[in-house]
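Can you make the complete structure from the sequences, with help from the hints?
These protein sequence lines are chains A and B, in that order.
Residue numbers for the first sequence follow this note's numbering, so the first one is -5 and each next one is one higher.
Residue numbers for the second sequence follow this note's numbering, so the first one is -5 and each next one is one higher.
Since the hints were derived computationally from the structure, they do not count as laboratory data.
Treat the hints with care, as some may be off.
[To be verified] Pairwise CB distance ranges (calculated):
{"#": "1", "chain 1": "A", "residue 1": "Asp180", "chain 2": "B", "residue 2": "Ser211", "range": "57 to 67 Å"}
{"#": "2", "chain 1": "A", "residue 1": "Ile207", "chain 2": "B", "residue 2": "Ile207", "range": "55 to 65 Å"}
{"#": "3", "chain 1": "A", "residue 1": "Met174", "chain 2": "B", "residue 2": "Arg96", "range": "17 to 27 Å"}
{"#": "4", "chain 1": "B", "residue 1": "Lys196", "chain 2": "A", "residue 2": "Ala136", "range": "54 to 64 Å"}
[To be verified] Cross-link-like lysine-lysine pairs, in silico, DSS-like; alpha carbons within 30 Å at most:
{"#": "5", "chain 1": "B", "residue 1": "Lys64", "chain 2": "A", "residue 2": "Lys216"}
{"#": "6", "chain 1": "A", "residue 1": "Lys64", "chain 2": "B", "residue 2": "Lys216"}
{"#": "7", "chain 1": "B", "residue 1": "Lys181", "chain 2": "B", "residue 2": "Lys216"}
Where a beta carbon is used, it is the ideal one built from N, C-alpha and C, also for glycine.
Protein chains: 2
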Amino acid sequence: MNPLKNVRIVLVSPLYGGNVGSVCRAMKNMGLSQLALAAPRPALDEEEAQRMACHAADLLRRRREFPTLKDAVADCGLVVGTTVRGGLYRAHSRAPRAWAERLVAAARQTPVALVFGPEDNGLGNEDLAACTQLIRIPSAPAYPSLNLSHAAMVCAYELFLAAGQYEAPAEVSPEAPAAMRENMFDKWRQALLVVGFMKEDKADHMMLALRRIFGRSPLTVKDVKVLVGIARQARWCGQELQKQRAAAPPRRD
Amino acid sequence: MNPLKNVRIVLVSPLYGGNVGSVCRAMKNMGLSQLALAAPRPALDEEEAQRMACHAADLLRRRREFPTLKDAVADCGLVVGTTVRGGLYRAHSRAPRAWAERLVAAARQTPVALVFGPEDNGLGNEDLAACTQLIRIPSAPAYPSLNLSHAAMVCAYELFLAAGQYEAPAEVSPEAPAAMRENMFDKWRQALLVVGFMKEDKADHMMLALRRIFGRSPLTVKDVKVLVGIARQARWCGQELQKQRAAAPPRRD
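What follows is the structure, given as structure tokens:
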């Protein structure tokens, strides 16, 4: 099963509808779908929430609401709270990357919750006590407090990666094999000699420089074909020039 | 030097002031400070931008504006564009985590740029051509397109971690040494026998279960002291009960 389906994002008494909507979008971007509000405020701006949810308005609509955090997480095996502050109750917090794998493993067997406090004050001590684990997102001491939806995005992103739902976009063309690269360097050597960029006695040295430049990052089969094409055309151009000169040597005035 | 000071976030023609402000906040949260707008639109909502920037309004104020992306990145060694789409120009994109270390290494020597396109269309082909590298943030196929400030947050977060600016919050108390843990198990064994939870013949088996439970996660010196305290008190309680019973054996009616 997809463990992300078992991850519940719980927002405790959020203040701004826009943030709730933005959290929905971040969730859907990262393959999460279960939103719960604990102790929601009656005055939440639904319109703003929908606007910010964008194409994730379905998550907003299907959200569940609970009178307290304890109710919202009653069936959850792991309950991970988020905090920016240190201090009592909070000293054992870890970074999202440190928890992500464990959360995903747990989510393969049981619902798990990721809990975010209100924008102004974060989770209070009573709510923290309901959490089995704490996450603290690494941030700059000059301004450690993240926007609610940004905090949710960072955690959701780490879960998404940990769940292995993501396949890196494959290079269209595979990396070129060594023989193909060597042939390319041969062609470049010939071309650079013919166009008069270098003389035979400096060629080895110069080719080392070229190898360094082209070796700095992977070259695909496609890349190598392009580079061979350039060399071939340059050599043709140089040879044509040589022929012309042989036919009509430049006048010496 | 701090490499994050050399990282420039470039927003190309952003539509919404709120997003620009949110990007400022995400940047400051992650230790970044250089914001540039390329080809800014004249109608950007400054008020909304300030509101969303929160305590990062200084970054918003100090932003630089350039007529084109090329102008905005003219002095940058690496120019990393962001994209959600695949296709020509975009096939070689990599995930933020794959680029972060290289970006940070480059930023120790030269300014580098992270470029984000307009909210509606992303970076166009001309702007992509001005980028030396491409980032594609992993996301769910059902809704791959992130909010602008969320995309900036994910990238900034990866850079912040790669720059090693973050020190994990230290546990207040170190992990308990083995001898201390063994003493704790001794105390629990005695206590569980005295309170009548187990008999001597089952004790070894039961203690293995307890070791498994307490061994599942690290125990600090402080944790162990708490657990030893519990065992000591329980044993005292059991012993007191035994004394009482010895003094006044229960009546057999």
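- Message: Run the distance test for Lys64 (chain A) versus Lys216 (chain B): straight-line Cα separation, threshold 30 Å.
- Response: 27 Å, holds
- Indicate whether the distance between the beta carbons of Ile207 (chain A) and Ile207 (chain B) respects the range 55 to 65 Å. 59 Å, holds
- Starting from Lys64 (chain B), check that the Cα of Lys216 (chain A) is at most 30 Å away, please. 27 Å, holds
- Has the hinted range 17 to 27 Å been met by the Cβ atoms of Met174 (chain A) and Arg96 (chain B)? Roughly 25 Å apart at Cβ, these two residues keep to the hinted range, so it holds.
- Query: Regarding Asp180 (chain A) and Ser211 (chain B), is the given constraint of 57 to 67 Å on their beta-carbon distance met?
  - Reply: Holds - the Cβ-Cβ distance for Asp180 (chain A) and Ser211 (chain B), about 60 Å, lies within 57 to 67 Å.
- Message: Can you confirm whether the C-alpha distance between Lys181 (chain B) and Lys216 (chain B) stays at or below 30 Å?
- Response: Holds. Lys181 (chain B) to Lys216 (chain B) sits at ~16 Å (cutoff 30 Å).
- Item | Beta-carbon spacing of Lys196 (chain B) to Ala136 (chain A) - inside the hinted bounds 54 to 64 Å or not | Holds, since Lys196 (chain B) and Ala136 (chain A) (Cβ atoms, about 57 Å apart) stay within the stated range.
Of the numbered hints stated above, none is contradicted by the structure.
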